[in-house]
Amino acid sequence: MEVNPPKQEHLLALKVMRLTKPTLFTNIPVTCEEKDLPGDLFNQLMRDDPSTVHGAEILMLGEMLTLPQNFGNIFLGETFSSYISVHNDSNQVVKDILVKADLQTSSQRLNLSASNAAVAELKPDCCIDDVIHHEVKEIGTHILVCAVSYTTQGGEKMYFRKFFKFQVLKPLDVKTKFYNAESDLSSVTDEVFLEAQIQNITTSPMFMEKVSLEPSIMYNVTELNSVNQAGECVSTFGSRAYLQPMDTRQYLYCLKPKKEFAEKAGIIKGVTVIGKLDIVWKTNLGERGRLQTSQLQRMAPGYGDVRLSLEAIPDTVNLEEPFHITCKITNCSERTMDLVLEMCNTNSIHWCGISGRQLGKLHPSSSLCLALTLLSSVQGLQVCSLFNDFKCIGANL
Amino acid sequence: MENAKDSDHSMTKESPPAQAGAESITKQAPPEEQGQLLYHEETIDLGGDEFGSEENETVSEDSNNFADKLNEHMMESVLISDSPNNSEDDVGDLGCLQEVVEPIEGNTDHRLDSNTTEKEEMDVLSNNSETDGDDTPRDVSDMTPDSRASLKEDSTREEVEGTSTLGNAGAEELMPGGESADPEEQGSDLSSSQSSSRDEPVPVCTIFSQSNSAPSQPHLFLHDGFESQMVKSPSFSSASETSAKTPPQVVQPSPSLSKFFGDTINTNSLASDFFDSFTTSTFISVSNPNAGSSVPEKLSSLTAPLGEESPDSADPSYSAGMARSESGVSSASLEIPESPKPFSQIQTVFAGSDDPFATALSMSEMDRRNDAWIPSQGTRGVLISVATQQGSTVFVDKENLTMPGLKFDNIQGDAVKDLMLCFLGEKAAAKRQVLNASSVEQSFLGLKQLISCRNWRAAVDLCGRLLTAHGQGYGKSGLPTSHTADSLQLWFVRLALLVKLGLFQNAEVEFEPFRNLDQPDLYYEYYPHVYPGRRGSMVPFSMRILHAELQQYLGNPQESLDRLHRVKTVCSKILANLEQGLAEDGGPSSVTPESRQASIQLWRSRLGRVLYSMANCLLLMKDYVLAVDAYRAVIRYYPEQEPQLLSGIGRILLQIGDIKTAEKHVFSQYGWEQTAGSACLCMSVLLQANNNAAVCLLYLGKLKDSLRQLEAMVQQDPKHYLHESVLFNLTTMYELESSRSMQKKQSLLEAVAGKEGDSFNTQCLKLA
Numbered sequence: 001m002e003v004n005p006p007k008q009e010h011l012l013a014l015k016v017m018r019l020t021k022p023t024l025f026t027n028i029p030v031t032c033e034e035k036d037l038p039g040d041l042f043n044q045l046m047r048d049d050p051s052t053v054h055g056a057e058i059l060m061l062g063e064m065l066t067l068p069q070n071f072g073n074i075f076l077g078e079t080f081s082s083y084i085s086v087h088n089d090s091n092q093v094v095k096d097i098l099v100k101a102d103l104q105t106s107s108q109r110l111n112l113s114a115s116n117a118a119v120a121e122l123k124p125d126c127c128i129d130d131v132i133h134h135e136v137k138e139i140g141t142h143i144l145v146c147a148v149s150y151t152t153q154g155g156e157k158m159y160f161r162k163f164f165k166f167q168v169l170k171p172l173d174v175k176t177k178f179y180n181a182e183s184d185l186s187s188v189t190d191e192v193f194l195e196a197q198i199q200n201i202t203t204s205p206m207f208m209e210k211v212s213l214e215p216s217i218m219y220n221v222t223e224l225n226s227v228n229q230a231g232e233c234v235s236t237f238g239s240r241a242y243l244q245p246m247d248t249r250q251y252l253y254c255l256k257p258k259k260e261f262a263e264k265a266g267i268i269k270g271v272t273v274i275g276k277l278d279i280v281w282k283t284n285l286g287e288r289g290r291l292q293t294s295q296l297q298r299m300a301p302g303y304g305d306v307r308l309s310l311e312a313i314p315d316t317v318n319l320e321e322p323f324h325i326t327c328k329i330t331n332c333s334e335r336t337m338d339l340v341l342e343m344c345n346t347n348s349i350h351w352c353g354i355s356g357r358q359l360g361k362l363h364p365s366s367s368l369c370l371a372l373t374l375l376s377s378v379q380g381l382q383v384c385s386l387f388n389d390f391k392c393i394g395a396n397l
Numbered sequence: 001m002e003n004a005k006d007s008d009h010s011m012t013k014e015s016p017p018a019q020a021g022a023e024s025i026t027k028q029a030p031p032e033e034q035g036q037l038l039y040h041e042e043t044i045d046l047g048g049d050e051f052g053s054e055e056n057e058t059v060s061e062d063s064n065n066f067a068d069k070l071n072e073h074m075m076e077s078v079l080i081s082d083s084p085n086n087s088e089d090d091v092g093d094l095g096c097l098q099e100v101v102e103p104i105e106g107n108t109d110h111r112l113d114s115n116t117t118e119k120e121e122m123d124v125l126s127n128n129s130e131t132d133g134d135d136t137p138r139d140v141s142d143m144t145p146d147s148r149a150s151l152k153e154d155s156t157r158e159e160v161e162g163t164s165t166l167g168n169a170g171a172e173e174l175m176p177g178g179e180s181a182d183p184e185e186q187g188s189d190l191s192s193s194q195s196s197s198r199d200e201p202v203p204v205c206t207i208f209s210q211s212n213s214a215p216s217q218p219h220l221f222l223h224d225g226f227e228s229q230m231v232k233s234p235s236f237s238s239a240s241e242t243s244a245k246t247p248p249q250v251v252q253p254s255p256s257l258s259k260f261f262g263d264t265i266n267t268n269s270l271a272s273d274f275f276d277s278f279t280t281s282t283f284i285s286v287s288n289p290n291a292g293s294s295v296p297e298k299l300s301s302l303t304a305p306l307g308e309e310s311p312d313s314a315d316p317s318y319s320a321g322m323a324r325s326e327s328g329v330s331s332a333s334l335e336i337p338e339s340p341k342p343f344s345q346i347q348t349v350f351a352g353s354d355d356p357f358a359t360a361l362s363m364s365e366m367d368r369r370n371d372a373w374i375p376s377q378g379t380r381g382v383l384i385s386v387a388t389q390q391g392s393t394v395f396v397d398k399e400n401l402t403m404p405g406l407k408f409d410n411i412q413g414d415a416v417k418d419l420m421l422c423f424l425g426e427k428a429a430a431k432r433q434v435l436n437a438s439s440v441e442q443s444f445l446g447l448k449q450l451i452s453c454r455n456w457r458a459a460v461d462l463c464g465r466l467l468t469a470h471g472q473g474y475g476k477s478g479l480p481t482s483h484t485a486d487s488l489q490l491w492f493v494r495l496a497l498l499v500k501l502g503l504f505q506n507a508e509v510e511f512e513p514f515r516n517l518d519q520p521d522l523y524y525e526y527y528p529h530v531y532p533g534r535r536g537s538m539v540p541f542s543m544r545i546l547h548a549e550l551q552q553y554l555g556n557p558q559e560s561l562d563r564l565h566r567v568k569t570v571c572s573k574i575l576a577n578l579e580q581g582l583a584e585d586g587g588p589s590s591v592t593p594e595s596r597q598a599s600i601q602l603w604r605s606r607l608g609r610v611l612y613s614m615a616n617c618l619l620l621m622k623d624y625v626l627a628v629d630a631y632r633a634v635i636r637y638y639p640e641q642e643p644q645l646l647s648g649i650g651r652i653l654l655q656i657g658d659i660k661t662a663e664k665h666v667f668s669q670y671g672w673e674q675t676a677g678s679a680c681l682c683m684s685v686l687l688q689a690n691n692n693a694a695v696c697l698l699y700l701g702k703l704k705d706s707l708r709q710l711e712a713m714v715q716q717d718p719k720h721y722l723h724e725s726v727l728f729n730l731t732t733m734y735e736l737e738s739s740r741s742m743q744k745k746q747s748l749l750e751a752v753a754g755k756e757g758d759s760f761n762t763q764c765l766k767l768a
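Top line first, the protein sequences correspond to chains A and B.
Counting from 1, one number per residue, gives the positions in the first sequence under the UniProt record's numbering.
Counting from 1, one number per residue, gives the positions in the second sequence under the UniProt record's numbering.
In case anyone wonders, no lab produced these hints; they're calculated from the structure.
Positions of the beta carbon are idealized from the N, C-alpha and C atoms, including for glycine.
Where hints are given, some of them may not hold.
As the list claims (entries may be wrong) - Reference listing, derived: stretches of chain B covered by chain A, where coverage requires no fewer than 3 residues with Cβ under 8 Å from a Cβ of chain A:
1. 433-446
2. 477-490
3. 604-617
4. 697-705
5. 731-743
Take these sequences, add in the hints, and give me the full structure.
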């Protein structure tokens, strides 16, 4: 490697160190018993070692903090902290020093310096220190650009920059799945269950401090991740409050449409915004990270243009005895409907009333309650076929 | 540079997929640049080694070895100077860049935008600087999509020029590459490379020992079966012989001394048994003064005749046999007043087959308590047959014998001195005086001296010499030998020191012949004539712990746990036996209630020790939930350590990030106070030691204050604070502080040289 035109030596030196959280020093306990050859010697050595825990020397995890040993990993949602030190290596006083730290991401450039004012002078062997913090909000390559400009004693203006490139990785893998609680009988609730699988894809354990669902305006949410045991809320994850690397945890939430929306349950359809997951975790010595998912969207089950739901039906009915049910018909389309009711009997279920009667006009998003009478001629459960017989014919106006 | 490049190549191979972008950039570079580019890609790419380094971190955390984590903490960068001198380079860069531009633009849509913003920014900056009119255009070129490539190049020159940053930056840049290239090498650091270089003569020696053993081997096999049965008449004459060689005895005579002498004296004619006949030096084996009960032993005579053994006396046929005279009785000592025992009693050895009264007589309470162990079924069978077939031979398969030998003969070396030679010159290095294996008494005493003044390498060496004198020296592995309580103690010390030195592989190799520490020849019962009436295992309990723990440092924590569980099972069984009124090994007991109580206490504390190791192992495995449970279990056995253990649990939780629960644990210890500093909310909990305060100061941006605090601490109490963790922090801060950290590190080296022994881990000075 040839040396090209000699470069001017700078009077100032710029040093940058990422301030990951320190680690605790661990030692290697080697003990012996009184009767062994070294006698108390090994134990004494451990007692004399300042990195051991006084009185419990065998405890591997000491109390001594050591500075970060490498750059480590940085994950989305964590805070990037870095020490920036500009040291005057020369023996002359340097003037008008301006240190600027910018972070260049793939989409923007941020200024991270605490102050943008120039320092009037820096004596030999003195430092300008700055600790910068930045919550990382983008994945991918980041470049920390540190620029130093200063004036020498001779009045010469000097300038240099240093670049530090690092990758920001994704810490979590989040998968969600919706379950519609809407069975034939639950149209009253319109509940939606959200199952979220959160996987730790970092290489260190992660303490999940908070995983909550922030519902959209239409829903109320109940977290189903703890159980009430003898008056105490116990997490369903037990004492294992943390997530090992590559471990996945499932969170469950129940969403109920708010009253005003529940009334018009029919209008919750198509793609709806359910809310977003807010995840706060901590790792080594409280290093905090926080992520939010984008708005979770759910495709509401398609009801077609008309939605029919049962409002009331008796548990059991006597054979060959008429009974009443109440149905609710909702117009889920954008248009007004003209409804005709046709009733078709099966072998077991017989309708009482007139088939082919007009139900009148139904406007978009409005609904209609219908009391109907029918009887069963066969014993047993007769659910499946019931509404096949009930035809609701929509006609466009 | 050459090395750096090499390692760099391997580094690139290891680079994770995340790097793909960066790598493709590199590929676009003209061939002749490739080396440099690769190199610098790594250098600036702080995130580049994330996976690799994470692995390293785990390993190194485990091994507690700084070696592989040293040089990565500083963000390394590339220096760009806008001086006009660069224009030539830049032309070159431009060419290179143009090649680079396209693929990158193709790669990321964002790139272009970002670069434009960057350009603008840079223009402003360079205008400010006004050093060079040409700046603006060149800046633009610099900042074209992969300015990094050109930047890298620049920095190469920067380094080559040997500016003030060269010392540090250069070194640091070199290391990460080399490091991830060969993490294993790092683990065992300097010393291992030393030892490996010393291993070089291995083949030669092996050949030697093979040729030596080849003729004798058949003999040995033949005699294998006879081992425990051969009885030699004692020859006491040697005692007077040896007394001439005996140095003034410093150690108080203790029963175990006589025990040792019992052995050596009796075997005078069997020199080959214990002492390598090729050893010419005169070793004086002094027995372990801690080994026995506190009752002084009248019989004790002192030294072992070592150097006097003529080579002729090395009769291989004898080396197979364990021949001991009955006078070895003296080993059986002696809380019992009637210590001189009639020899006739000694015949009976094994539980069940003998008169318990006689056994009680011939076995010291303390020995019984300490040595008790429950052998595996197979081993038990062999021991019973040894005990019952008095007159005849018991054939023991060679497979079931323990045949250790040194695997490397010298790991001596003084890394501190080497560094001094390198940085401070010969004159300074000459002042560095540490004890070595030859400069102390060739005995247990000398050994302890070496250990206590932290010359563990020398101590390992001395253990080796003493073992050589026992016939278990270099190249003796796999050859039949016999064991004594003392030879096993020597092995324990040697292996323990190797572990302390972090030379885990070496320890593993030498531990191997001991297998599960359960072979019959590791039990006293195997040598009824040497240790008449004595029962139990010669293997020190601490050696079992060490044996189990070693695996976790070698990256097999599961194996460690398995071994610890085996030890735990035996401990629990022994405790159960004791609680049922039986002897430790389940035999009928004639033990007094007080003695039983003492035994229960001992075994409870041993069980606690095993649990402690399990907890440590689980911690290394990062199974924090189980580790916390295990530490809680330890509290039951060591209630006096409850506060420390609870705060230890607190620290574990803190490590996971479970601050709330950690608080609960640490509350009792420290009292919680919230600091204003955002950087170290949780660290205030641990803000106990000055060191920790200094670390916190750094996080608050007070480098100079932090340095002052650490320096003051080291100056005030160098004995304690010249510790690798403190020095590591200190050197890290020096590096952060100035480009001239070298001088300061060297003065630390001088301080270390005056205080520390050869076991000092020089890695923490980050001089290399």
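Results for each hint:
{"no.": "1", "hint": "433-446", "verdict": "violated (count 1)"}
{"no.": "2", "hint": "477-490", "verdict": "holds (count 3)"}
{"no.": "3", "hint": "604-617", "verdict": "holds (count 4)"}
{"no.": "4", "hint": "697-705", "verdict": "holds (count 7)"}
{"no.": "5", "hint": "731-743", "verdict": "holds (count 8)"}
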